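Visitor: These are the residues of each chain, in order.
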Amino acid sequence: AQKVTQAQTEISVVEKEDVTLDCVYETRDTTYYLFWYKQPPSGELVFLIRRNSFDEQNEISGRYSWNFQKSTSSFNFTITASQVVDSAVYFCALRGSGGYNKLIFGAGTRLAVHP
Amino acid sequence: EAQVTQNPRYLITVTGKKLTVTCSQNMNHEYMSWYRQDPGLGLRQIYYSMNVEVTDKGDVPEGYKVSRKEKRNFPLILESPSPNQTSLYFCASSLKGGMNTGELFFGEGSRLTVL
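Protein chains in written order, with our numbering: chain A, 1 to 115; chain B, 1001 to 1115.
Honestly, the hints are just simulated from the structure, not real lab data. Take these hints with a grain of salt, some might be off.
[Stated by the list, open to error] Taking lysine-lysine and the BS3-like style, the derived pairs with C-alpha atoms no more than 27 Å apart in a straight line are:
hint, chain 1, residue 1, chain 2, residue 2
1, B, Lys1069, B, Lys1057
2, B, Lys1069, A, Lys3
3, A, Lys38, B, Lys1096
4, A, Lys3, B, Lys1065
5, B, Lys1096, A, Lys3
6, A, Lys38, A, Lys3
7, B, Lys1096, B, Lys1069
[To be verified] A partial selection of chain B residues facing chain A, derived with a Cβ cut-off under 10 Å:
hint, residue
8, Leu1043
9, Asp1056
10, Tyr1064
A quick note: this is a predicted structure, and the numbers were derived from the prediction, not measured. Just so it is clear, CB atoms sit at the ideal spot from N, CA and C, and this is done for glycine as well.
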C-alpha cells in the first residue's frame, strides 16, 4: 500500500525563522514521483515541486529547498527566512508507477508565520 | 490560459437535494479526476477518468457519480447529498498517465456544505 505521512499537524514560527516540514512516504514501487503543494488561505492548490525517485539531488528554489532521501523514505521541505506570506497548509504527495495519475496525499501541515 | 474551471465555487444545500459540480479543462487532457479534502485526511480521490466514456472509482466513491461524455468536461454528481459530503472538492486534469507526464492541474476548489 502507498502512504504519505506528515506528522506535523501545525507549526508556528516567527518571521525570519527557518522551518522544515517533514514528509515520510511508503511505496513498493521502484519508480515514483513525490510532490509538494501549497494551499494558501484562499484555498487553491499551488504546485511547488516534483521529484522522481531516480533523482536524489537536493533542490533549491529561492528560499525553498527540498531534501529527498530514499534511505529514510523522506522528502522534507525547508523554508529559509520564513515570511508571513508563507502561511499556508502544505501537502506532500506521492504518485506511484501505475498507469494513471493518482496522487496519494499526506494530511497536510499548517504553517503559521507570525510577524 | 490553461486552466481547470469548477462551478460552483461555494454551495450550501440541504440533505437529499441533487446537485452537480461541473469541471471543465481547456488543455485537451485525457485524464481527469475528482478529490475531496477533509481536515486531517488530506485529499482523497473520488473518481477518475482516463478518457471519454472511461471512468473508474477512486478511494472514496460512495455517494458520488461522474460522467465523461466530452473530453473537456467531468461533472461530479451527488444524487442525494448527506452532511458527511460537506467538504472541499477539487477537480484535476493531466495528460494521460505515464512516467514521463504526471503534472496534475487543479481547479480552484468547490466548497460544499450539506445541511
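Visitor: It remains to establish, for every hint, whether it holds in the given structure.
Guide: The hints, checked one at a time:
1. At most 27 Å may separate the alpha-carbon atoms for a hinted pair to count; B/Lys1069 and B/Lys1057 meet this at roughly 17 Å.
2. With a C-alpha separation of about 32 Å, the suggested pairing of B/Lys1069 with A/Lys3 is violated against the 27 Å cut-off.
3. As the CA atoms of A/Lys38 and B/Lys1096 are separated by approximately 24 Å, the hinted pair is consistent with the 27 Å bound.
4. Only pairs whose Cα atoms come within 27 Å are accepted, and A/Lys3 paired with B/Lys1065 is accepted, the gap being roughly 26 Å.
5. For a cut-off of 27 Å, the pair hint linking B/Lys1096 to A/Lys3 stands: about 23 Å separates their Cα positions.
6. For the proposed pair A/Lys38 and A/Lys3, the alpha carbon gap of about 19 Å is at most 27 Å, so the pair holds.
7. A threshold of 27 Å between alpha carbons decides the hint, and for B/Lys1096 with B/Lys1069 the separation of about 17 Å falls inside it, so the pair holds.
8. The restraint placing B/Leu1043 at the interface with chain A holds, with a minimum CB-CB distance near 4 Å, inside the 10 Å limit.
9. Annotation: interface hint on B/Asp1056 holds; nearest CB of chain A at approximately 8 Å, less than 10 Å.
10. Violation of the interface hint for B/Tyr1064 is found here, the shortest Cβ-Cβ separation to chain A being roughly 16 Å, above the 10 Å cut-off.
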